[in-house]
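**Q** One letter stands for each residue in the lines below.
Number of protein chains: 2
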Amino acid sequence: MINTDVSQDQELRAHQDHHSSLRLWLRLLSCTTLVEDKVRQKLREQFDTSLPRFDLMAQLERHRDGLMMSELSRRMMVSGGNITAIVDQLEKEQLVQRVVVPRDRRSFKVVLTPSGRTSFVQMAQAHERWVVELFSGITGEQQAQLFSLLGHLKTGIRQHYVTSVCLDQS
Amino acid sequence: MINTDVSQDQELRAHQDHHSSLRLWLRLLSCTTLVEDKVRQKLREQFDTSLPRFDLMAQLERHRDGLMMSELSRRMMVSGGNITAIVDQLEKEQLVQRVVVPRDRRSFKVVLTPSGRTSFVQMAQAHERWVVELFSGITGEQQAQLFSLLGHLKTGIRQHYVTSVCLDQS
Chain A
26 MINTDVSQDQ ELRAHQDHHS SLRLWLRLLS CTTLVEDKVR QKLREQFDTS
76 LPRFDLMAQL ERHRDGLMMS ELSRRMMVSG GNITAIVDQL EKEQLVQRVV
126 VPRDRRSFKV VLTPSGRTSF VQMAQAHERW VVELFSGITG EQQAQLFSLL
176 GHLKTGIRQH YVTSVCLDQS
Chain B
26 MINTDVSQDQ ELRAHQDHHS SLRLWLRLLS CTTLVEDKVR QKLREQFDTS
76 LPRFDLMAQL ERHRDGLMMS ELSRRMMVSG GNITAIVDQL EKEQLVQRVV
126 VPRDRRSFKV VLTPSGRTSF VQMAQAHERW VVELFSGITG EQQAQLFSLL
176 GHLKTGIRQH YVTSVCLDQS
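Protein chains in written order, with my numbering: chain A, 26 to 195; chain B, 26 to 195.
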């Protein structure tokens, strides 16, 4: 389970002659991958579950009234087929259930069951602890700086999205 | 193609009562996802290709002598089956080829063909431009700060990996 293997470090793709933004992007990507890998590993070891299952349950925990399959797909960024398979499996384990939508009896929403919620809360607490540990190598002040800089970056990227859409439409 | 939809913003999962490290992680993840989505979209629109194909070709460009399938799998973080399918498709398009390993004639390595290399260089140049654009919302100084902070974060995470391996083994 050692994952310090350099082979999975996207940053190694960076050359000295690459633009500094590209080197920054590869570093950002490699940090994300390192954290995600650790979270995947811990979810598997401690809860015998996967990141897509955890993400799906996290979406349902935020939407107590349930979500249609199409809404789940849109929010999760995994393909519809995968989501159906995950929901089927979670339903078999009685962690979620499909409920008919009152106003449209041909449709249904997916909701967490009470035991699904209990299970999710345990995983979410552990997940938060793992993240706190993984980020503990930098100080609170550095974390605050990073949070702020990433906020500016995100605003810039979103701005870029909007601008390119406007240009596409003009 | 508008992707400013809030539904794909992992940061919305953050609650006020979450630990600041968790909020930082969700922001990091959402920045990565935004950039990756844009790169996927551009690769599809401008080169009719996918991010895993681009990543695989990037690995081969770095390893001119070619890579065994198992090495490719390890470096790419996508499952072996997918890699075989991607290599098959790229071979059909004459962008990569399988070559027999001289010392072990039962094995082969995958290498970029000359036209594969030309094709990759064009994509890589465009990819670098997109990334520069996406990161242009923050100043060079902010990018340098971010690069440095992410470097510290990465060192901390790797340290954590090593420590937990040592604890597991003790």
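Calculated from the structure, these hints are not laboratory results.
Be a bit skeptical, because a hint or two may be false.
The list treats identical chains as one, so a pair stands whether inside a single copy or across any two.
Taking lysine-lysine pairs in the DSS-like style, the calculated list, with each CA pair at most 30 Å apart, reads [said to hold, decoys possible]:
| id | residue 1 | residue 2 |
| --- | --- | --- |
| 1 | 67 | 179 |
| 2 | 179 | 117 |
| 3 | 179 | 63 |
| 4 | 117 | 134 |
Note that the coordinates shown come from a computational prediction; the quantities given were computed from them, not determined experimentally.
**Q** Does each hint hold? Answer for all of them.
**A** How the hints compare with the structure:
1. 67 <-> 179: both (28 Å within a copy, 18 Å between copies)
2. 179 <-> 117: neither (39 Å within a copy, 39 Å between copies)
3. 179 <-> 63: both (24 Å within a copy, 13 Å between copies)
4. 117 <-> 134: within (16 Å within a copy, 43 Å between copies)
Of the numbered hints stated above, the single one contradicted by the structure is hint 2.
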